[in-house]
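Protein sequences appear in the order of chains A and B.
Those letters in the first sequence? Residues 2 to 261, per the working numbering, in order.
Those letters in the second sequence? Residues 4 to 281, per the working numbering, in order.
Just so you know, the hints here were simulated from the structure itself, not pulled from any lab data.
Incorrect hints may have been included.
What the hints assert, rightly or not - Chain A is faced by these chain B residues, among others (derived, beta-carbon under 7 Å):
1. C148
2. A151
3. A154
4. R158
5. A159
6. E168
7. R220
8. A250
To be verified - Computed footprint of chain A on chain B, listed as stretches where at least three residues anywhere in the stretch have a Cβ under 8 Å from a Cβ of chain A:
9. 171 to 179
10. 208 to 219
Glycine included, each C-beta is placed from N, C-alpha and C at the ideal position.
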Amino acid sequence: MQVSSGVTGGARPDPLRMEAVGFAYGRHGVLDNVSLHVGPGEFVALTGPNGSGKSTLLRVALGLTPPERGSVRLFGEPPDRLDERWRVGYVPQRAVIVDQLPATVEEVVASGCVARRGWARRPSDKDQHRVDRALAVVALADRRRTPIVELSGGQQQRVFIARALASDPELLVLDEPIAGVDVESQDRFRDALVTRCRDDGVAVLLVSHELGAVADDLDRLIVLRGGTVVFDGPPAGLVDIGVSLGVHRHDLPVWLEGPG
Amino acid sequence: MTLPLPWPFDREYMQLALASGVAVGACAPLIGTFLVQKRLALMGDGIGHMAFAGVAAGLVTGVSPLWMALLVAVAGAVTIEWLRLRKRASGDLALAAFFYTGIAAGVVLTGLAGSLNSGVLTYLFGSVLTVSPEDALSICVLGVCILAVVAVTWRALFAVAMDEEAARVAGLPVDALSLGLAALTAVTVVAAMRVVGVLLVAALMVLPVGSAQRLARSFRATLRWAVAIGLGSVVVGLAVARAASLAPGGTIVLIASATFTVTAALDVGRRVAAPHGH
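Modelling step: build the complete structure from the supplied sequences, incorporating the hints.
Below, the structure is given as structure tokens:
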């Protein structure tokens with residue numbers, strides 16, 4: 002098992018740092034002594050079998066659920082005390098049931114700016130610029146006036162990624178964003194993430210079963226199993242424990258679902 | 004004071020009805036748009052029943068039924084929303100509990116009020132043609148307050164209505180906005196009570212929105228269409244009610260209902276004619 006030291010230089014705190022986090026629903030333990038971090042500009046994927054605690058970990062990391070033990074820091078602050086919440090962009094799994102959402106692509110993306118500018122304020126030119134840029138990153142600028150219901154599932158997912166990007170976050174957290182998404186959208190999605198990571202220094206935490214689309218671009222992979230971190234290192238490090246991700250991409254899921 | 008308006012609004016009672024109706028016709032669908040998006044379309048109904056308890060309490064105690072209803076409805080709406088936010092109850096279960104408690108308390112209090120029963124009926128079924136100038140003024144003031152709050156907060160309310168969890172992560176004050184929307188809903192219900200009655204308040208919050216969603220291609224346009232259809236239903240409904248001597252509250256809602264049916268039919272027709280593939 003390889004565990005990253007997580008030490009970062011300079012005064013910039015890690016966008017996300019969890020230390021010895023434990024969480025249980027009643028007597029059913031979900032997370033046990035989980036420590037992990039996502040450094041500035043790092044592209045990290047979190048994977049693990051169903052029921053491994055990924056969803057709970059994400060909720061705890063985002064401050065939606067307080068941990069029972071251990072600590073969570075977003076940009077060096079406890080989640081509930083981070084004033085600049087816009088620094089975290091979040092793409093929830095199955096973001097919204099859009100079949101009845103009477104809104105254009107641009108309106109959905111612009112809703113991602115509301116918190117940063119202050120909820121009672123009118124959008125400024127700067128907000129419009131952020132929205133334009135987010136739409137360009139996901140290659141949907143030409144569909145901005147289209148009702149979101151008229152897009153394909155993959156395009157809708159890209160809209161929600163753009164919504165998360167619209168606040169110019171420094172940490173982007175995505176929960177299963179490419180599940181059931183068409184290949185073209187997967188490629189667009191990877192391009193969007195890699196661009197943001199490499200060019201703008203945005204840290205990315207991607208929670209996903211399907212790493213094929215991004216496997217070659219990852220800085221680090223964290224594998225969660227039974228509520229604990231069983232691997233944390235560059236994807237190539239998986240080879241050392243006899244699992245390959247790059248060439249035989251199906252090996253990882255097989256290993257994940259196999260007996261403990 | 005009677006303004007020189009053409010028939011059917013040439014009489015003072017019709018003008019007071021028009022003023023109250025316009026305030027309610029604009030506000031109810033406006034608030035309803037956010038409720039529909041949050042899958043809380045029947046919130047207005049539950050709150051209406053609590054407002055009914057407030058009316059009855061007002062009649063028994065001699066306090067103004069309108070303001071007593073406002074107090075009870077706002078308190079109830081905020082409590083329901085607080086329970087939902089704390090995950091202490093699912094939205095519909097919390098609504099049901101308050102719904103029945105409200106109507107039961109209303110019935111018991113009405114029994115206590117005895118001979119005042121006819122006063123209760125004006126709130127249950129609406130009695131917009133007997134609105135006093137003071138009530139019309141109160142309704143208009145409530146309406147202007149609702150419009151002002153929504154004008155400032157609609158973008159944030161939209162973000163929360165669309166995706167509560169993402170809004171929370173982004174740092175929006177989701178609890179405050181949700182409780183605020185619940186309170187606005189209660190204010191709207193109370194303002195609408197005299198116009199269409201507590202039994203039909205929710206209809207005016209939901210039906211124009213249903214029509215608007217089928218006509219509009221953006222959220223902003225949905226808000227505008229919903230308000231326009233709400234206003235149209237009130238004006239046409241009042242005119243038809245006067246011309247044919249019908250109950251105005253029910254007529255207004257039937258006009259909104261007919262509009263909904265027509266837009267739904269048009270929408271289905273359009274989809275059949277031009278299906279868009281994904």
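Cross-check of the supplied hints:
1. Contact between C148/B and chain A, as hinted, is not supported at the beta carbon level, the nearest pair being about 15 Å apart and thus beyond 7 Å.
2. A distance limit of 7 Å between C-beta atoms decides the matter here; for A151/B the minimum to chain A is near 12 Å, and the interface restraint is violated.
3. Nearest Cβ of chain A to the Cβ of A154/B: about 10 Å, over the 7 Å cut. The hint is violated.
4. With 7 Å as the threshold, the beta carbon of R158/B comes within range of chain A, its nearest partner Cβ sitting at about 5 Å, so the hint holds.
5. At a threshold of 7 Å, the smallest CB-CB gap from A159/B to chain A is about 4 Å, leaving the interface hint in force.
6. Against a cut-off of 7 Å between C-beta atoms, the interface hint on E168/B holds, since the closest Cβ of chain A lies about 6 Å away.
7. Interface restraint check for R220/B: the shortest CB-CB distance to chain A comes to about 5 Å, inside 7 Å, so the restraint holds.
8. A cut of 7 Å between beta carbons decides the hint on A250/B: the least distance to chain A is about 32 Å, and the hint is violated.
9. Counting residues of the region 171 to 179 of chain B whose C-beta sits closer than 8 Å to any C-beta of chain A gives 6, which meets the bar of three, so the coverage hint holds.
10. Counting residues of the region 208 to 219 of chain B whose beta-carbon sits less than 8 Å from any beta-carbon of chain A gives 3, enough to reach three: the coverage restraint holds.
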